[in-house]
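A.B. asks: Spelled out, the chains give:
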Amino acid sequence: MPKVILTVPFSLMLLALPALGQSALRAPSSVSAGSSFSIATSGTGTAMLYLLGPSHVVKRAIELGQDLPIAGSDVVASGWYQAVACESGGCTSTTFQVLPSSPARLRFLVHPSRVPVSAPDAINATALVFDRFENTVLERTNVEFHFFSAAGSAFDRSVPTVRGIAWLQIGSTSKQGPLRVVASVGEAAEARIIQQVASEACGLRIQAISGPRTVKLQTDPVRDCGGNPLPDGTVVSFTKIDDAGRSTVDTPIRKGVASAQFAVSGRARISVACGVVLGNEISVNGERR
Amino acid sequence: MTTKLHLACCLGVLVPCLSLVSFYDVAASPVEAGSLPRVRLNAESIGPRRIEQKTGEMVARDYAQAWQDLADSLEANRTDLLNDHFAGGAKERLTQRISEQKKNGLRTRYVDHGHQVKAVFYSPDGGEMQLQDQAQIELQVFGGQKMIYTASTTSKYLVLMTPGADRWYVRSLETVPDDAF
Amino acid sequence: MRRALPIFIALVTGVLVAAGWWRAGGFALHAERSAGTAEQAVRALMADIQARNWDHAFATLDHANGIQEPDFIQEIAGTNGSLRTYSVLQSFDAWLLHEDGNHSTFRVRMNWSSAVGSLDELRDLSTVRDGNVWRVVWSKPNYPKVPLQVLPVNYLRWDVIGRRSDDWGAASVDSPQVRITSMNAVERPDRVLILGEVENEDTVPAYVNVNAALLKPDGSSLDEQGSFDAISHKLLPKQVSPYRIDFPGLRLSQVKSVRMDARALLVPASADPVISVENQSIDKDVVGRKVLKGVLVNQSGQTVNIAQVLAAFYDANGKVIWVSDGYLDQALLPQGPVPFAVSIPDEVAARVHSYHVAVNHYIAPTA
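Top line first, the protein sequences correspond to chains Z, E and C.
Numbering of the first sequence is given in my numbering, commencing with residue 1 and proceeding in unit increments.
Numbering of the second sequence is given in my numbering, commencing with residue 1001 and proceeding in unit increments.
Numbering of the third sequence is given in my numbering, commencing with residue 2001 and proceeding in unit increments.
Be a bit skeptical, because a hint or two may be false.
DSSO-like cross-link-like pairs, simulated, lysine-lysine; straight-line CA separation at most 27 Å [what the hints assert, rightly or not]:
1) Z:K59 <-> E:K1091
2) C:K2256 <-> C:K2319
3) E:K1054 <-> E:K1102
4) C:K2234 <-> Z:K255
5) Z:K175 <-> Z:K255
6) C:K2234 <-> C:K2293
7) E:K1118 <-> E:K1091
8) E:K1103 <-> E:K1054
9) C:K2256 <-> C:K2216
10) E:K1091 <-> E:K1102
11) C:K2284 <-> E:K1054
12) E:K1146 <-> E:K1054
13) E:K1054 <-> E:K1156
14) C:K2216 <-> C:K2293
15) C:K2284 <-> C:K2140
16) E:K1054 <-> C:K2216
17) C:K2319 <-> Z:K216
18) E:K1091 <-> E:K1156
19) C:K2319 <-> C:K2293
20) Z:K216 <-> C:K2284
21) C:K2284 <-> C:K2319
22) E:K1102 <-> Z:K59
23) E:K1118 <-> E:K1156
24) Z:K59 <-> E:K1103
25) Z:K175 <-> Z:K216
26) Z:K59 <-> E:K1146
27) E:K1054 <-> E:K1091
Chain C residues, not near chain Z, derived (Cβ > 10 Å throughout) [unchecked claim]:
28) G2014
29) S2139
30) I2180
31) T2203
Partial pick of chain E residues on the chain Z-facing surface, computed with a CB cut under 7 Å [unchecked claim]:
32) I1051
33) G1089
34) K1091
35) Q1101
36) D1125
37) F1142
38) G1144
39) S1152
40) E1174
These are calculated hints, taken from the structure and not from any lab test.
Built from N, CA and C at the ideal position, the CB exists for glycine as well.
Can you build the whole structure from these sequences, using the hints too?
C.D. replies: Set out below in C-alpha cells:
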C-alpha cells in the first residue's frame, strides 16, 4: 500500500510538470475588425508570440505575465485568429474571432450595360456590402437603389442584404437613353449607367423612286414599336428580284433612314429586312435589258 | 523496487514525455500527389438563378482545386500558386499572409478532410455565386521544423466565386462565426 | 600543266551546271517553252506564269486583239493588294476542247497557292498558229471605266477607347450580344457539318466566333471545332452572317447532341464599305458544276483588297441546308463590278429554295 501511495502522486507530479512550467493565453472570444485589444498572459519569463490571421502574421518577443496589446492594424481581416506563445518548454495558444465592423463600402454590379427598351426584368443590380477593411458585413443591412432615367423619371427601391448581398431585377423603361442607377448604404454610394437602346425594328417600310433603269429606295425613319429610332449604323438589308436575278445590299442606317439603289430589268420585287424583322415588299417596273 | 513500481515510474515519465513530443517534430503524413480535396456541392437552395449541371461540376472542381492551391501555397510559401484559382480580395489576403509567414520563418500545413458546400446565391446574370462551406481542416503551423500549433476544426467559410474565361475563381474566402449559417 | 588545271576546273563546272539544269527539269521546261504545237504554247505560257516571267509570257502571246502588257500583268499577277498579289501558280492542267487547222481551244485548270489556301481557276484559252509557232490568244481584260467623281463617305464609325478595369465591380461595358438564330447538322461523305446563321442583336459592332462541340451519347465530347473563316466575323448591329463548322471524318450516327457557343468581342468598326451583291443566280459553270454566281459592286470610294463571299442556302422551310464560301482574287475597285461564283453540291442544289449572300472584306491599312 505505501508503495502505491508513493507511485500515484509521483506520476501525477510528472504529468503536472508541463502544466506548472507553461504559460497560458486568454483572448476575448471576438473583437471588431480594426479594433485594438489585449491578450492576457500568465507565467513568467519571455516567450515568442505568433499572431496568425487570414492575411497577417506577427512575430515578436513578449514578457509573460503581462497583458499583450494587439494593435487594430493587426486584426483588420475578419475570421479566426490564432495567438501562439512559445517558450523553451513548449507552446500554448488561444483562438479568437475578428468580426466585420460597420458597413462602409459597396461593390456594385449592374448588368447588362446596354439593354433594349421595354424589356421586363432585363436589368439586374447586385450590391455587396463590406466594411472599410473589405470584410463582408453579415449583419442585415438595407441597401438603397435609386434609378434616374433620361426622360426625367426616378424611383427607389430598398433591399435588405442576405449574407452581405442585396439584389434586384427591374425592367427597362420605354424610352431609350441613359439610365443612372445608384446604390447606397450609409455614407457609401456607387453609381452606374445603363444605356437603354431601341429594340427591334417595327413597321419597317420602304419607298421607291423609279427611273427607267434604276430604282432608288429609302426606308421610312426606322423605329422600334415604342417610337425609339434605331441607332445609325444598324444594318438594313434590301433585296431585289427581277429578270437579271437576285440582288442584295446590306446598308447601314444614316440619319435615321437606310437607302439603296438598284439597276432594274423588267418587273422587280423589292423587299427589306432589319435583323430578323421583315418589312414591306414593293413592285417596280424597269426597262428590260 | 517491485516490477509494478518500475512500470508506474516508466508510465509516469513516458506519458508527459509523449504529450511534449506531440507539439514537436511530428512528421506530417505526406499528401497524396494529384488528389483534390473532397468537395460536396449542394445547389438545391440556390437562387435567383438556377445552376446548370456543367456549371455546378465546374464550380465544385474549381473550388476543390482552389483549396489544393491554397494548401500548397501556404506550405511552400509560394504566392504564385494562387494565380490559377484565386482573384481579388481572396488572393490579396492570402498573398499577404504567405509573404508575412515566410518573412517570419513560418509555414502552414492544411490537412483537408473535405468540404460540405451549399450554393446559396447565383446572380441572374451569372456573374457571382456565393457558397457556404463547412470544412474539416487540420491546421498545423511550423516554425522551422518545429510545430508550434496544431488544431483540428470544423470551420465555416463564406465564399464568393466569379466566372473567368475557362474557370471559376475564388474572389472572397472568409471564415464566419459558427452561428452564421 | 599550268593551263590544264583551269581547263579541268572549267570543264567540271560546266558538267555540274548542265547536270543541275537537267535535274531541275530543264529539258522539259525547254520543250514547254518552244511552241511547236498548240499544247506546247499553252504549257509554255503556264510555265512562264509559274516562273513569274511576265515579259516572256507576254511576248509569246498573240497580240492581234490589241492586248497591252500592263493589262495582262495586272490581270495575271494581281494588283491593288488583291489576293492574287499574294498567290503563286502551284500547278496547272490543260486539256484540248476542240481544234481545227490553225485554231484550237484548251481548258486550263490553274491551282493557285494563296494566303488563304488553295484556289482553283478555270480558264478557256484559244491558240492560233502564227507561221511555225503557236500563240495563245489572251482575252483582253475589260476593266470598268469609272468616271472621275467625288464620293462623300459619311457612314458611321465605332471606336473602342479606354481599358477594361481590373477592379471587379467597376463600371464596364458588356461584350456585344449575339445570338445563333439557326443551327442544322448535316452529313457529307467525309464529314459532319454544322450550318446556320448568327445575328448581332446589339447596337455595337461585334467580332464573332462560333464554336461547336459534338457530344457522344454519354455526354462526353467527340470533337470541338470553330467556324474559322466560314463566317463573317465582324458584324455590325443587326447584321446576320452564315457560319459553317466542319468536323472531318465523323458521322452523324456518332453524335448524340451538339453544344453551340457564340463568343463576341467589342471591336472598332466602320459601316463603310457597302458592297452590293447583284444578279445572283444558280447556274452551271464550264465544267458542269452547280454554282451560285453574281457580281460584287463596291459602292464606297475605297478599294477593297480582298473580298470573300459567304452564301447561305435555304430549303422551302427556311432551314439553312448549305453554306458555301469563296475568295475573290481580284480587288474590288470603287464602283467596279467583279464577278464571283461559289460551288454548291449537286444534291444540295436540288433542294435550294432561296439563298442569301454576305460579303467579308479586308482593306489593307494605309501608311
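A.B. asks: So which of those numbered hints doesn't the model satisfy?
C.D. replies: Of the numbered hints, 3, 8, 11, 12, 14, 17, 20, 25, 31, 32, 34, 37, 38, 39 do not hold.
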